[in-house]
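Protein chains: 2
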Amino acid sequence: MGKKNAIYAQSGGVTSVINTCAYGVIKAAMASDFIGHIYAGLNGINGVIEEKLIDLSKESPEAIEGLKFMPGGAFGSCRRKLRDLEKDKALFQRILDVCKAHDVEYFFYNGGNDSMDTVKKLSDFAKQNGSSLKVMGVPKTVDNDLPITDASPGFASAAKYLVVSMIEASRDLESMARDSTKVFVLEAMGRHAGWMAAATALAQRDEKDGPHIILLPEVKLDRAKFMAKVKETVDKIGYCAVTVSEGVKNPDGTFLAESGTKDAFGHAQLGGAGQTVQDMIKQDLGLKTHGAIPDYCQRSARHMSSKVDVEQAEACGRKAVELAGQGLNGHMVTIIRTQDAPYKWHLESTDAGNIANTEKVIPKEFIREDGFHMTEAFRKYCQPLIEGESFPEFKNGMPVYHRLKKELVKAKLPPFESKK
Amino acid sequence: MGKKNAIYAQSGGVTSVINTCAYGVIKAAMASDFIGHIYAGLNGINGVIEEKLIDLSKESPEAIEGLKFMPGGAFGSCRRKLRDLEKDKALFQRILDVCKAHDVEYFFYNGGNDSMDTVKKLSDFAKQNGSSLKVMGVPKTVDNDLPITDASPGFASAAKYLVVSMIEASRDLESMARDSTKVFVLEAMGRHAGWMAAATALAQRDEKDGPHIILLPEVKLDRAKFMAKVKETVDKIGYCAVTVSEGVKNPDGTFLAESGTKDAFGHAQLGGAGQTVQDMIKQDLGLKTHGAIPDYCQRSARHMSSKVDVEQAEACGRKAVELAGQGLNGHMVTIIRTQDAPYKWHLESTDAGNIANTEKVIPKEFIREDGFHMTEAFRKYCQPLIEGESFPEFKNGMPVYHRLKKELVKAKLPPFESKK
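So the protein sequences, as listed, match chains A and B.
Those letters in the first sequence? Residues 1 to 420, per this note's numbering, in order.
Those letters in the second sequence? Residues 1 to 420, per this note's numbering, in order.
What the hints contain is simulated information worked out from the structure, not anything from laboratory work.
Computed from a predicted structure; not experimentally measured.
Misleading hints may appear alongside valid ones.
Repeated chains share a single entry, so a pair holds when one copy, or any two copies, can fit it.
[To be verified] In silico BS3-like links for lysine-lysine, alpha-carbon gap of 30 Å or less:
no., residue 1, residue 2
1, 208, 406
2, 288, 58
3, 395, 405
4, 412, 364
5, 344, 395
6, 58, 236
7, 282, 4
8, 395, 68
9, 100, 87
10, 231, 81
Modelling step: build the complete structure from the supplied sequences, incorporating the hints.
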């Protein structure tokens, strides 16, 4: 059996280790006895549809090695979800056509829930249409909302960055509180699942450490109880550090960030959840606040990635290649935990249909009974994930992050009107 | 001549290396032949006025060594400016009384412009009242707005953190731009001087790197020209990363953050400069934006401190003790640059009156002619400051930051009604 080619593509919001996954896929593919060339889709599935395939053989070995440390999506990511097989039939067919034209028999898609929906549909479509294309999902999302897998590569690094940010900013707050700021609010990403906000719980080792309160999308905000908690903390230790998930909701289910508060003129103030929480605290308690919104920084902070996360990311990439070689199709690699401390894990896989369109929110046993912090069970879950450092090389005081040339393979098919 | 005691105190917004300054002062004091005990003011000058002096001999050697790596103000900082000698005569007298009661003849005040005003006034008051108290200033401020000194300890570390943040977030933006976010806005601290925003210029090594535009308080914002620049950048490379200083001003001199924009209902939207700039871009160009506000994180990120900054901070602390031993009074230690590359510097001092209440804004030759970026001369100035890393120890995936016990020396004087 001759070697067949492979395509790797990135999808959805990027992480600080998505390129480490790519590295795993690419190195395993290059070392395998069943993959010939490995290409990458320029901007995810767009690149496959548009036949814009990056020729990885044109990249320097240095740049390929550099993928292990490069934040962002080295090949470009996408926000494009394919609809059902009937509605987007032409797109699915085009993908098969492009794969066929380039002798591609393996497709590795690195993404989250939506991307696994694509993995599932594309593998089904391929089977139905007599194609031998193997489609494999490689997990990725800072949101950590993929079911079955112990964690999603990318989450632990974002978590570690937020933990460190909370530890450091809390020290600042602690030193300023007597004359100045009393409350600090850190806004973490997470629209529907609060894993990233929750992770900051690890920063609190004693009562002086923040966060003193964590607001999750999983717990509807009771403003009066929240204010009582803030006041109690400030009265006791002089200050209060709060982590708020961007997806925190009002009792009526609307997003806090949408509801806003009124300014002095009665006008609605819009802004993120962090700003809204700050405004509420000023209004209800008259306390001086400060707030940080790390935004993209939390998911691209490769300088503060977790070593465990980096290892899992590369391993997931390598495993996807191994399983594809065994003929697996329409599956996503999963991380299975067998022990908390010391952390032990291995890789398995599951049908991508078990992952697609499902969001794993934080289970009840991880949330403290009052809804304002995390339990010991959560700490046991989260602690091992942020362990170990993986600093990039520094030059001139700055991390060395390579950038790829992204030279494209010559197109073999006529252009395809893909709209978007 | 017998040994006399010393007090060290922290003032104003803290930095990631203010405790490294403290370390320099304390270690030099402990090693000197003219200082007996060294105390620290709890919450800056408040602790001196209230006779709340931290007994450093009660701290473990480990905690003292840990000062080199601890973010925030280990002894508590303050926002308290003494008025003129006549108006606050009772306060100045009280400070002398407390010093006398504890046999203190050396006072080291670690702060910025306002703190140097206190250094100047207190040293003048002491001289006028026959006290032999020596008052020395140790420079500190992330704002980098102190004149004469080449840099202010704290600035370079905040700068390095922002440079790394911009490098990483730009990679994220670059990978998402085709289908999603086109503009990323990073808001840096700096109300009147834009040094921190300016520093991010170092992140841009080629045209794909952000920041593509830097908005400084030193340049009044021409909205139309700014939008043209954003559009030009997005048209050319697909995205645009912007650094905005929190103190950016409108043509009429008002802060951008105050002016706000109107939402769809015609209501004023309030928020920081970063949010305002994002809103403007959405309104004028209809582009999707993301924005980060590091806030306290930028000035407490000890995990990303500059080695040069750490070295200068400790050296400034040690020098202050050395100069006080030589009888200097009412001076602040200054860093004098003698060469850009490789960076060479040494320490001198200047009358605190030359520093007090003066803000060093960015000079014209450092700002590109169009007002939207920095010059090569600025890069030559800023580059050496961010060089070298100084990672803290990590344990359980988190940086090890000690906390002091802050046991107070027994008060010898009646309580003092200080109001504030």
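Status of the hints after comparison with the structure:
1. 208 x 406: between (49 Å within a copy, 14 Å between copies)
2. 288 x 58: Result: close neither inside a copy nor across copies, 55 Å intra and 33 Å inter.
3. 395 x 405: within (21 Å within a copy, 38 Å between copies)
4. 412 x 364: Result: close neither inside a copy nor across copies, 53 Å intra and 54 Å inter.
5. 344 x 395: between (35 Å within a copy, 19 Å between copies)
6. 58 x 236: Classified as between; 24 Å across copies, 61 Å inside a copy.
7. 282 x 4: Answer is neither: 62 Å inside a copy and 46 Å across each miss the 30 Å cutoff.
8. 395 x 68: both (17 Å within a copy, 23 Å between copies)
9. 100 x 87: For residue 100 and residue 87, only the intra-copy Cα distance (22 Å) is at most 30 Å; the inter-copy one is 86 Å.
10. 231 x 81: Between copies only: 28 Å across, 45 Å inside.
Hints 2, 4, 7 from the list above are not met by this structure, while the remaining hints are.
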